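Participant: Residue numbers (the working numbering), protein chains in the order written: chain A, 1 to 266; chain B, 1 to 347.
These are computed hints drawn from the structure, not numbers from a lab.
Since the model is a prediction, treat every value here as computed from it, not as a measurement.
Check each hint, because a few of them may be wrong.
Claimed, not checked - List time: in silico DSBU-like cross-link candidates among lysine-lysine, alpha-carbon distance up to 30 angstroms:
| hint | chain 1 | residue 1 | chain 2 | residue 2 |
| --- | --- | --- | --- | --- |
| 1 | A | K231 | B | K128 |
| 2 | A | K9 | B | K238 |
| 3 | A | K256 | B | K233 |
| 4 | B | K270 | A | K232 |
| 5 | A | K167 | B | K233 |
| 6 | A | K167 | B | K238 |
| 7 | B | K85 | A | K231 |
| 8 | B | K270 | A | K167 |
As the list claims (entries may be wrong) - The calculated label-pair distances, taken between Cβ atoms and stated as ranges, are:
| hint | chain 1 | residue 1 | chain 2 | residue 2 | range |
| --- | --- | --- | --- | --- | --- |
| 9 | A | N39 | B | R86 | 39 to 49 angstroms |
| 10 | B | Q228 | A | G31 | 44 to 54 angstroms |
| 11 | B | R93 | A | K62 | 53 to 63 angstroms |
| 12 | B | M1 | A | E168 | 29 to 39 angstroms |
| 13 | A | P115 | B | G88 | 55 to 65 angstroms |
| 14 | B | N130 | A | G166 | 58 to 68 angstroms |
| 15 | B | Q209 | A | G192 | 45 to 55 angstroms |
Glycine is no exception: its CB is placed at the ideal position from the N, C-alpha and C atoms.
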Amino acid sequence: MTGSTPKPKTYLGVPVSRPRVAFFELSSCEGCQLQIVNNEATLLEFLSLVHVVNFREAMTEKSDDYEIAFVEGSVTRRDEIELLRRIRDQAKVLVAFGSCACFGGVNQLKNRFDPGWVKREVYGDAPVETDRAQPVEDFVSADLRIYGCPVRKEEVERVVTDIVIGKEIHYPKYPVCMECKANENICLFDLGEPCMGPITRAGCDAWCPNNRAGCWGCRGPADAANLSEMKKLMKERGFSDEILLDRLECFGGFGKHVDEYRKGQR
Amino acid sequence: MLFRALKKEDLKRLYDLLAGSNMIVAPVQKGQDGNRAPIYAFEEVSGFGEIHLDYTSTKIPAKRFFMPFRETMADFRMDGKDWGKRVGFNIDRPFVFFGMHACDINALNKLDKVLLGSHYPMPYYAAKRNNMFIVGIDCRPQPYCFCRSMGSDTALHGFDLFLTDLGDHYFVEVLSDTAFNIIRQITTREPAESDHALYMKMVSDKNKQFTLQVNTTDLTKILDMEFQSDVWKQWGEKCFSCGTCANVCPTCYCYGVDESVEMDLSRARKTKFLYACNLIDFAEVAGGHNFRPESHTRLKYRYYHKHRGFVEAYEESLCVGCGRCGESCLAGITVPEVIASVRGEDI
């Protein structure tokens, strides 16, 4: 996958470096990395823009000499903490890649239960080390976050391009509704379905609502997420607290809000 | 104005004439809501049978056809130190809007003032607006409509033909030369006295059906007086800052511009995208300062632009009273309620 070194690229006549990039996974399904490999139409362009030196899912060669590290997954074991620290020491840019790395992701659902019970339920008596699922930034600093379960490949490509040409990186601060309306979807609430679109960070192009599936909040809260109004809305439309909490808890992005919510319920 | 009467069964003939060499955009039923009520949208149609001229109103106006949510302003090609730019206005055929309500026609007239009539006309809008043929259709007031309060319940200009349903025939207003030349090709008749009487009765009946009003008397002054009113905070607490109101508004035209470079670094694109004044970073400037970090200040400026600033500049409101924003707002924020609360009135 590394191949021969292509001709150096220029941008507006100025040579740009081809950064050495590594992909790593902690506890995760590797689905975010798969998004990159899946994007066959632009994969070659992606590979000519960056020099991938480590990508277990796609290549056998391995190098510890890299500048940008994409770290997928949440931390659940001690060896993952050590790996993460080594990555942090090496990488100029560490990217928390996907919702597991950013918030703990689906994995952090287990944090709600007794850890002994969770381990027995999943692994039986096998001698497996598995602790709470925590986001990358509980242990090391991250320079960038790319949200989503999975990440949206177009967004990854844009971020990588902007890194290479030295452009400031922007994320949408507004919620999914903005993109959903621009796609002229019928509002899920009009169809009688719950949707976390009004409070969830956009950037996914309303992926789920485009397919008539309500948003589950995988990208975490938008900058001005209005949780108290969301509670009112769900109640008004006949959805229980549990339906709202299931969605808020699913990916970990709303962790802080869920804690407050539970306190309020007591 | 020239008036004609058109038999209902001859309307398809008008459609066929227009559809021969143009793209027809018309109200269609896009789906139904949880209560099995139809949901309408403006779509490109390929047959007369798809059109629902008896539609209530569309959830989203037809603006994507003349003001797309995302639109390429220019493509760039870079080769070493050379570069080239290609500008296109993204229209290759005229649009025919078949069945537009008065509110949406008035919305276009208001957009014209800003986007065509200002010092720097917007060519991306002009190219589409100047290649447009509009067949208007009368409507029944819905529970959320307050167009009459905003003076937008009838359209005086900005269309080519306007149809009013008089039972077995349409009362037709012929406004443009193009419309005259087209209407000549189909069978119509001179309206009789009885048609005039019927038309006036229709209008009078329609006016009685409005259930919502907005009191616009002295509104610009009252908005100035109540700039610090607590009601803004109350509405701001509800607001999701999601931009839905602007996206479903037929007159919201605020936009941002994004420049993106393709991964091969030899192509780039400048894109115009509609933005919304309620979004948290709408008033964020270079360096990161945000002039309106709180949601109530953003919501307030939305009302100030629609009902104060625009009125002072153009002597009319930027709101046509279609009621779409209130219908779509998941927090239940509606224009009549906000204005009434600012005035200290009960609705």
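Participant: All hints are to be evaluated individually against the structure, with a verdict given for each.
Facilitator: Now for the hints, and whether the structure bears them out:
no., hint, result
1, A:K231 <-> B:K128, "violated (42 angstroms)"
2, A:K9 <-> B:K238, "violated (50 angstroms)"
3, A:K256 <-> B:K233, "holds (24 angstroms)"
4, B:K270 <-> A:K232, "violated (40 angstroms)"
5, A:K167 <-> B:K233, "violated (37 angstroms)"
6, A:K167 <-> B:K238, "violated (36 angstroms)"
7, B:K85 <-> A:K231, "violated (49 angstroms)"
8, B:K270 <-> A:K167, "holds (15 angstroms)"
9, A:N39 <-> B:R86: 39 to 49 angstroms, "violated (26 angstroms)"
10, B:Q228 <-> A:G31: 44 to 54 angstroms, "holds (51 angstroms)"
11, B:R93 <-> A:K62: 53 to 63 angstroms, "holds (55 angstroms)"
12, B:M1 <-> A:E168: 29 to 39 angstroms, "violated (55 angstroms)"
13, A:P115 <-> B:G88: 55 to 65 angstroms, "holds (59 angstroms)"
14, B:N130 <-> A:G166: 58 to 68 angstroms, "violated (41 angstroms)"
15, B:Q209 <-> A:G192: 45 to 55 angstroms, "violated (28 angstroms)"
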